[in-house]
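Peer 1: Residue numbers (our numbering), protein chains in the order written: chain A, 1431 to 1700; chain B, 15 to 290.
Among these hints, one or two may not hold up.
Reference listing, derived: stretches of chain B covered by chain A, where coverage requires no fewer than 3 residues with Cβ under 8 Å from a Cβ of chain A [unchecked claim]:
1) 82–89
2) 130–137
3) 235–243
FYI, nobody ran anything at the bench for these hints, they're computed from the structure.
All C-beta atoms in this analysis are idealised placements derived from N, C-alpha and C, irrespective of residue type, glycine included.
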Amino acid sequence: MATQLASPVTDETAKPTRPRGGAGVKSAVLAVLIFVAIITTWHVLATSGAVSPLLLAPPGEVLAALGQMISDGTLWPHLSATVQETIFGFALAVVAALVVGSAFAFSPILRNAVYPYILVSQTFPKVAIAPLIVAIFGYDLAPKVVLAALLAFFPVLTNTIAGLTEVSDDEVNLFRSLRASKWQELRHLRIPNALAFIFPALNSAAVLALIGAIVGEFVASRAGIGYAIQQFTTTGEVAATYAALIVLSVFGLTMYGVLTLTERLVRRNR
Amino acid sequence: MATHTLADGPARTTAAPSAITARAVSKTFEGKGKLVHALSEVDLEIEAGQFVSLIGPSGCGKSTLLKMIAGLLNPSTGTVAIDGDTVTEPLPQTGVAFQKPTLLRWRSVLDNICLPLDIDGTRDAEGEARAVELLGLMGLAGFEKHHPKELSGGMEQRVAIARSLITQPSLLLMDEPFGALDEFTREDLNDELLRVWQHEPKTVVFVTHSISEAVFLSDRVVVMSARPGRIHANIPVELPRPRERALRNSPEFYEAIRHAREVLDDARVVERGGAR
Chain A
1431 MATQLASPVT
1441 DETAKPTRPR
1451 GGAGVKSAVL
1461 AVLIFVAIIT
1471 TWHVLATSGA
1481 VSPLLLAPPG
1491 EVLAALGQMI
1501 SDGTLWPHLS
1511 ATVQETIFGF
1521 ALAVVAALVV
1531 GSAFAFSPIL
1541 RNAVYPYILV
1551 SQTFPKVAIA
1561 PLIVAIFGYD
1571 LAPKVVLAAL
1581 LAFFPVLTNT
1591 IAGLTEVSDD
1601 EVNLFRSLRA
1611 SKWQELRHLR
1621 IPNALAFIFP
1631 ALNSAAVLAL
1641 IGAIVGEFVA
1651 SRAGIGYAIQ
1661 QFTTTGEVAA
1671 TYAALIVLSV
1681 FGLTMYGVLT
1691 LTERLVRRNR
Chain B
15 MATHTLADGP
25 ARTTAAPSAI
35 TARAVSKTFE
45 GKGKLVHALS
55 EVDLEIEAGQ
65 FVSLIGPSGC
75 GKSTLLKMIA
85 GLLNPSTGTV
95 AIDGDTVTEP
105 LPQTGVAFQK
115 PTLLRWRSVL
125 DNICLPLDID
135 GTRDAEGEAR
145 AVELLGLMGL
155 AGFEKHHPKE
165 LSGGMEQRVA
175 IARSLITQPS
185 LLLMDEPFGA
195 LDEFTREDLN
205 DELLRVWQHE
215 PKTVVFVTHS
225 ISEAVFLSDR
235 VVVMSARPGR
245 IHANIPVELP
255 RPRERALRNS
265 PEFYEAIRHA
275 REVLDDARVV
285 ERGGAR
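Go ahead and model the full structure; you've got the sequences and the hints to work with.
Peer 2: See the structure below:
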């Protein structure tokens, strides 16, 4: 997260070029081989006794535990709680960051006055105030949403400001020479420019929101994947713990996929 | 890259070229507590339909003068007028090409060329057809759907020039548009620019560092000197038109360059405070 303080992520640097033709097939084959190697190593470590069964369950058992959770329905209330916390927190952070970021972009005075405080609040480890937030907002949805939003806010804010303000003199002069209004400059230059900065930030924000939600659940909760993981570890259900981690990563990947799809749709129409 | 032959067709009926008058124009910038005199008492008359280059050492104020004609800067004292109207803001009949192509990377080539039409709210099928035609004139037929990141520097600048021409300006202002390009690409673009200019007569003011480029393109080369920036000399270029590639190897061309260089050297001697 510290990197976002200095340099906003842009799409030019963030997106690897897609390998083509034969290279693509080779990458795919390699990826499958790596997957097989990981699962095999995992299985061997877990079954040979090299790693204690209290720490690692074999992949087969994890898969069975996952299947069990899905079939008996115990997964859904937990997943639904975590998904809600993350998405509400993420949405809150994005809306707040876009509003505050736009205000800062158009009022340097406001930005210079308020930004130091936001910076201080960011360098502060928010996970440390999780118990306090739970004390303030109670044990249900609210504290997790707040934590998720707090963590997700900053990268979107910095990139919104950067995207709206980092246009070159030449670009501004071009629009002036075309006799563009301020609104047209915003519509055709600053907003499309900002999108290239904001979308990569949304990806980090989604991950950070999920972290916030899980931390909130760890502190105090009655439901959620984080809550479930805590339950499983205290009762020694190792396989179920790993199954919950897999659910989390599937959720993370889904968010990434939805954001990538949204980005493509928005960019096509900007 | 295929060379398009549209330019060989009849000239278009466009707005009559613009005439420019600069009277006693000075520009002073405030920088780090001291005043910088970018331009001092510049008088310049450019007739309608002329191709005029501004050339001179760094700091002679040639880009500053161009920006004033473009309405992007206002003079500290004096006036700049286009067709008798004093310039205080960018005028609609002016097209500008900058040193950097300044293409919007999220727009396709066609959409970049059509940007001025989008801003004017006049984009239609006819405008897009003209964009395609201009793209062909600049030697980039078939590149409509490409994006800037897929183009070379020379190709980007070609698109930028097509964009500056889409509104059929009567005055085209170019601020070192080919300065960042290699010699070969630069010569290609000079040829294409002249072809377009022949096709759509207009007044062109062209800022450059290159003597040969200024001579090849222009009816007149305006030599400026620095500190403070002012006009040192006007050199008429009498080479016949239309000017083709072959002209670059002719003795007349070399002679014109030699003459321009002499005047330019003189301008730099004056700048250093020496006398000849």
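Peer 1: Next, verify each hint and record whether it holds.
Peer 2: Comparing the hints with the structure gives:
Counting residues of the region 82–89 of chain B whose CB falls under 8 Å from any CB of chain A gives 3; the rule of at least 3 is met. For the region 130–137 of chain B, the proposed coverage by chain A is satisfied: 4 residues have a C-beta within less than 8 Å of a C-beta in that chain, meeting the threshold of three. Only when three residues or more bring their CB closer than 8 Å to a CB of chain A does the claim for the region 235–243 of chain B stand; here the count is 0, and the claim is violated.
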